[in-house]
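Q: Please put together the full structure from these sequences, using the hints given.
So the sequences go chain by chain: A and B.
For what it's worth, our numbering labels the leading residue of the first sequence as 1, then goes sequentially.
For what it's worth, our numbering labels the leading residue of the second sequence as 344, then goes sequentially.
Heads up, a few of these hints could be off.
Unchecked claim - One side only, chain A facing chain B, incomplete, derived with CB under 7 Å:
1) S57
2) I58
3) G90
4) I91
5) V93
6) K94
7) T115
8) I119
9) R316
10) G320
11) L330
Said to hold, decoys possible - Between beta-carbon pairs, the in silico distance windows are:
12) T66(A) / D424(B): 45 to 51 Å
13) H295(A) / P449(B): 51 to 57 Å
14) T66(A) / E431(B): 52 to 58 Å
Think of the hints as simulated: they come from the structure by calculation, not from any bench.
As the structure is a prediction and not an experimental result, all values here were calculated from the model.
Beta carbons are placed, not taken as given, at the ideal position from N, Cα and C, and that holds for glycine.
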Amino acid sequence: MSEKRRIRVIDTTLRDGSHSLSHQYGAQDIGRVAAALERAGLDTIEVSHGDGLGGSSIQYGFGKLTDQEALRAARAALHRTRLAVLLLPGIGVKEDLEMAYHEGARVARIATHVTEADISAQHMALAKEIGMEVIGFLMLAHMEPPAKVLEQAKLMESYGADVVYVVDSAGAMLPDDARRKVSLLREGLAVAVGFHAHNNLGLAIGNTLAAIEEGATVVDGCLAGLGAGAGNTPTEVLAAVLDRLGYETGIDLWAVMDAAEDVLRPLMPRPQVIDKAALSLGYAGVYSSFMLHTHRAAGKLGLDPRDILVELGRRRVVGGQEDMIMDVALQLAEKRAKAKGVL
Amino acid sequence: MSLRGGRSRETGADGKGKDGENLAVKVAILGTGNIGTDLLIKIQRKSRLLQAALFAGVDPASEGIARAREMGVPTSTRSIDAVLDDPEIRIVFDATSASAHMKHAPLLRAAGKTAVDLTPAAVGPYVVPAVDPELEGVCEPNVNMVTCGGQATIPMVFAVSRVAPVAYAETVTTIPSRSAGPGTRANIDEFTVTTARGAQMIGRAKKAKAIIILNPADPPILNRHTIYTVLEEEPDREAVAASVTAMVETVRRYVPGYRLKYPPVFDDRKVTVMVEVEGAGDFLPKYAGNLDIMTCAALAAGEAIARRMGEEKAEGGGRA
Numbered sequence: 001m002s003e004k005r006r007i008r009v010i011d012t013t014l015r016d017g018s019h020s021l022s023h024q025y026g027a028q029d030i031g032r033v034a035a036a037l038e039r040a041g042l043d044t045i046e047v048s049h050g051d052g053l054g055g056s057s058i059q060y061g062f063g064k065l066t067d068q069e070a071l072r073a074a075r076a077a078l079h080r081t082r083l084a085v086l087l088l089p090g091i092g093v094k095e096d097l098e099m100a101y102h103e104g105a106r107v108a109r110i111a112t113h114v115t116e117a118d119i120s121a122q123h124m125a126l127a128k129e130i131g132m133e134v135i136g137f138l139m140l141a142h143m144e145p146p147a148k149v150l151e152q153a154k155l156m157e158s159y160g161a162d163v164v165y166v167v168d169s170a171g172a173m174l175p176d177d178a179r180r181k182v183s184l185l186r187e188g189l190a191v192a193v194g195f196h197a198h199n200n201l202g203l204a205i206g207n208t209l210a211a212i213e214e215g216a217t218v219v220d221g222c223l224a225g226l227g228a229g230a231g232n233t234p235t236e237v238l239a240a241v242l243d244r245l246g247y248e249t250g251i252d253l254w255a256v257m258d259a260a261e262d263v264l265r266p267l268m269p270r271p272q273v274i275d276k277a278a279l280s281l282g283y284a285g286v287y288s289s290f291m292l293h294t295h296r297a298a299g300k301l302g303l304d305p306r307d308i309l310v311e312l313g314r315r316r317v318v319g320g321q322e323d324m325i326m327d328v329a330l331q332l333a334e335k336r337a338k339a340k341g342v343l
Numbered sequence: 344m345s346l347r348g349g350r351s352r353e354t355g356a357d358g359k360g361k362d363g364e365n366l367a368v369k370v371a372i373l374g375t376g377n378i379g380t381d382l383l384i385k386i387q388r389k390s391r392l393l394q395a396a397l398f399a400g401v402d403p404a405s406e407g408i409a410r411a412r413e414m415g416v417p418t419s420t421r422s423i424d425a426v427l428d429d430p431e432i433r434i435v436f437d438a439t440s441a442s443a444h445m446k447h448a449p450l451l452r453a454a455g456k457t458a459v460d461l462t463p464a465a466v467g468p469y470v471v472p473a474v475d476p477e478l479e480g481v482c483e484p485n486v487n488m489v490t491c492g493g494q495a496t497i498p499m500v501f502a503v504s505r506v507a508p509v510a511y512a513e514t515v516t517t518i519p520s521r522s523a524g525p526g527t528r529a530n531i532d533e534f535t536v537t538t539a540r541g542a543q544m545i546g547r548a549k550k551a552k553a554i555i556i557l558n559p560a561d562p563p564i565l566n567r568h569t570i571y572t573v574l575e576e577e578p579d580r581e582a583v584a585a586s587v588t589a590m591v592e593t594v595r596r597y598v599p600g601y602r603l604k605y606p607p608v609f610d611d612r613k614v615t616v617m618v619e620v621e622g623a624g625d626f627l628p629k630y631a632g633n634l635d636i637m638t639c640a641a642l643a644a645g646e647a648i649a650r651r652m653g654e655e656k657a658e659g660g661g662r663a
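A: Here is the structure:
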């Protein structure tokens with residue numbers, strides 16, 4: 001009998017999931033969620049502001065807690081499960097990474113736009129030097145052809161990444177796209193390949209499975225499918241599906257369902273669904289964390305959020321450019337005022 | 344040596360005094376990459392006060408060296424050694440790298456030359472010409488040009504803080520990927536930290552954060568910046584808006600492509616200002632406003648230093 005293939009699931013309820021709560025987790029919430037995830041047997045969980053260390057800002061929304069407070073709250077609840085952090089060079093700085101290590105984080109996920117891998121070299125080098133596992137994150141991977149994704153993944157590998165992820169930040173990838181990119185990375189890299197999905201087109205589980213079939217061995221999820229836009233792959237659903245397919249994840253299915261239902265759901269301000277704004281993100285290929293900011297700008301200027309999102313997609317705006325939401329909204333409002341003036 | 348001085352001295356359109364004596368200060372540019380070459384072209388085309396006496400680097404095959412030769416500017420591949428060999432050179436623009444400037448700075452100081460540092464080394468104090476046009480707050484023979492993000496955003500932070508105390512400033516700089524050179528990419532952390540520190544020290548925000556984003560869209564987007572400030576109290580909106588508009592005009596005097604995208608947006612105590620920078624297209628393409636603002640600012644700082652040198656000479660050596 002062949003041994004079951006092992007898939008490592010990294011839960012990011014306390015990082016990507018924090019977008020859904022506008023980064024307002026309290027210390028007690030973090031402690032409870034972290035403890036429930038450890039009980040469920042997750043080997044790694046990610047804890048940071050939704051936009052990574054240093055993300056607490058006007059641009060991305062201030063966190064209720066500092067990154068340090070959030071890490072401390074999680075650390076206090078963990079014994080076996082490893083603690084990961086996310087850092088986007090240009091937003092977080094080396095000092096943040098050193099702080100995270102000091103607070104017990106042992107996995108550094110360093111994220112760049114899919115064409116800009118070379119700005120991760122400095123932070124990957126530091127993470128390696130202080131003894132962290134390094135995971136490279138190539139965001140908005142739907143925007144470039146597979147060969148470009150491989151070229152950039154190789155850069156991250158050369159900087160010391162132990163895993164390189166194809167990240168579908170806009171939830172815009174179709175299963176074939178996920179397959180092509182993951183399989184090319186699997187062939188071209190010596191290190192492991194990961195996949196991070198968003199559910200804006202309802203394909204989070206499907207794309208994650210496609211990636212696993214092509215050789216991805218590390219994948220992300222959030223309890224109850226929390227996360228930016230329509231959310232991430234639901235960790236408990238993924239655990240059930242992978243179990244039925246005969247993969248080994250080390251996750252206790254009943255315990256992870258309990259974590260989603262009993263611990264996380266009471267914290268959710270709204271159900272995580274594919275509403276029209278979330279669907280427009282996937283359709284237009286826009287960074288998922290733009291959603292709530294777009295709702296706010298649209299509300300302020302009396303616009304349809306979909307018009308803003310489609311225009312942002314047309315301009316090929318990248319992750320982190322949340323200031324473009326107000327820029328585009330102001331332009332659309334100006335245009336509308338002019339059109340009315342003519343009539 | 345002091346850079347402190349009084350009023351400026353008139354020179355003719357050709358950089359010569361009434362009696363035909365050449366008053367232009369001899370300068371060298373270290374570093375023959377994009378920034379160095381663009382700065383050289385600006386000095387040659389626009390400056391009456393500065394004379395490019397040497398363009399020095401290490402790579403004999405660099406495009407910049409070829410351009411300098413075409414323009415008739417003396418070149419060298421002996422880098423700092425060539426600069427130190429020429430006692431007539433008084434101002435040195437360093438467009439190499441932070442680590443190289445750390446080595447150059449003490450040598451230039453010992454040789455009595457003033458350094459305008461375009462790297463993130465920050466050996467000397469930060470200078471933003473819009474905030475301090477005559478470098479009155481500086482008395483070091485080495486000044487640092489912060490970062491391109493800092494040159495574009497700090498004037499806006501200062502414009503707000505001079506009329507209403509700023510508790511917190513946050514700057515978001517988006518750079519077209521093609522104009523982010525290897526130096527910026529390899530030092531993204533220093534870029535982020537230095538920009539924030541500049542917003543605090545020169546922009547006078549009590550706290551500051553800087554965010555840098557690279558956008559690879561093709562055709563390239565223009566270099567743009569969003570400057571958020573949170574004020575200590577409810578602001579006088581008209582006063583803030585007027586100060587911002589006036590400061591944009593001040594920056595435009597030396598960076599013609601700098602412009603406000605929309606009037607400032609007010610949200611209780613928060614003010615949002617958006618600017619974009621179109622480059623002059625001297626050596627670099629127009630979308631590279633981030634590089635243009637650096638060379639424009641360095642030129643403005645170099646000219647302020649040259650004016651002081653002229654005054655010191657006039658005061659020390661009697662009237663011409």
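Q: Taking the hints in turn, state whether each one holds.
A: Structure-based check of each hint:
Interface restraint check: S57(A) against chain B, minimum CB-CB distance 6 Å, threshold 7 Å, status holds. Below 7 Å, beta-carbon pairs count as interface contacts, and I58(A) has one with chain B at about 4 Å; its hint therefore holds. At a threshold of 7 Å, the smallest CB-CB gap from G90(A) to chain B is about 4 Å, leaving the interface hint in force. The beta carbon of I91(A) comes within 5 Å of a beta carbon in chain B, closer than 7 Å, and the hint placing it at the interface holds.
A distance limit of 7 Å between C-beta atoms decides the matter here; for V93(A) the minimum to chain B is near 5 Å, and the interface restraint holds. Restraint check, K94(A) versus chain B: the minimum CB separation of about 5 Å is within 7 Å; hint holds. A hinted interface residue such as T115(A) counts as satisfied when its beta carbon comes closer than 7 Å to some beta carbon of chain B; here the least separation is about 4 Å, so the hint holds. Annotation: I119(A) was flagged as interfacial toward chain B, and the flag holds, the nearest CB pair being 5 Å apart, inside 7 Å.
Interface restraint check: R316(A) against chain B, minimum CB-CB distance 4 Å, threshold 7 Å, status holds. With its C-beta approaching chain B no nearer than about 5 Å, G320(A) sits inside the 7 Å limit, and its interface hint holds. With a cut of 7 Å, the hint placing L330(A) at the interface with chain B holds, because the nearest CB-to-CB distance is about 5 Å. In this structure, T66(A) and D424(B) meet the distance hint of 45 to 51 Å, their C-beta atoms being roughly 49 Å apart.
For the pair H295(A) and P449(B), the supplied restraint of 51 to 57 Å holds, since their beta-carbon distance comes to about 55 Å. Restraint check, T66(A) to E431(B): a C-beta distance of roughly 54 Å satisfies the suggested window 52 to 58 Å.
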